[in-house]
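K.L.:
Residue 0 is where the sequence shown starts when you use numbering that gives the first Met the number 0, and the numbers rise one by one after that.
Hint data in this document are derived by calculation from the structure and do not stem from the laboratory.
Errors might be hidden in some of the hints.
[Claimed, not checked] The list that follows gives simulated cross-link-like pairs (lysine-lysine, BS3-like), each with its CA atoms no further than 27 Å apart:
| hint | residue 1 | residue 2 |
| --- | --- | --- |
| 1 | Lys75 | Lys57 |
| 2 | Lys91 | Lys117 |
| 3 | Lys117 | Lys85 |
| 4 | Lys95 | Lys75 |
| 5 | Lys95 | Lys63 |
| 6 | Lys91 | Lys62 |
| 7 | Lys117 | Lys62 |
| 8 | Lys117 | Lys63 |
| 9 | Lys62 | Lys85 |
| 10 | Lys57 | Lys117 |
| 11 | Lys63 | Lys85 |
| 12 | Lys117 | Lys95 |
| 13 | Lys117 | Lys75 |
| 14 | Lys95 | Lys57 |
| 15 | Lys85 | Lys95 |
| 16 | Lys57 | Lys91 |
| 17 | Lys91 | Lys63 |
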Amino acid sequence: MTITVNTESSEGFRHSIQVDDHQLFTDLPRYAGGEGTAPEPHDYFDTALGACKALTLKLYAQKKSIPLTGVTVELKHDNSQEQQGKYALHVKLTLKGVLTDAQREELHRVADRCPIHKLMTSSEVSIETHLSEGAFSQ
């Protein structure tokens, strides 16, 4: 899979994002010079965690026959110390369905084991950025 991000116009900061057959957009917020027409990159970072927790819980509940009918994941971030290497995410889970206290606790534990949570907290991520070769359009 390849994700492609393209500038939409020479003015402004809005970009299109192509993920296979899905198209998304990103922009900077107004306070940062953008138009605020789409989520900014930090929003997608946070969204990846929320989506992974929700999908993981639904899949786990289905496999274990836990009567989970839905999940709401609310995320808030604290980026006040991002320049010092600290980025805090606060996650609130709402589990829907007739669940026992034991099932609720089990699902709570499982939520913190979703692949994106593990990636964000226990993996060493390396990033290599290369310039493309060849002719460039102006």
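K.L.:
Does each hint hold? Answer for all of them.
P.N.:
Outcome of the hint check:
1. Lys75 with Lys57: Holds, at roughly 22 Å.
2. Lys91 with Lys117: 17 Å, holds
3. Lys117 with Lys85: It holds: about 17 Å lies between the C-alpha atoms, which stays within 27 Å.
4. Lys95 with Lys75: 21 Å, holds
5. Lys95 with Lys63: 16 Å, holds
6. Lys91 with Lys62: 23 Å, holds
7. Lys117 with Lys62: Distance ~21 Å between Lys117 and Lys62 Cα, so the pair holds.
8. Lys117 with Lys63: 21 Å, holds
9. Lys62 with Lys85: 36 Å, violated
10. Lys57 with Lys117: The hint holds at about 18 Å.
11. Lys63 with Lys85: 36 Å, violated
12. Lys117 with Lys95: 24 Å, holds
13. Lys117 with Lys75: 18 Å, holds
14. Lys95 with Lys57: 11 Å, holds
15. Lys85 with Lys95: 32 Å, violated
16. Lys57 with Lys91: Holds. Lys57 to Lys91 sits at ~16 Å (cutoff 27 Å).
17. Lys91 with Lys63: 23 Å, holds
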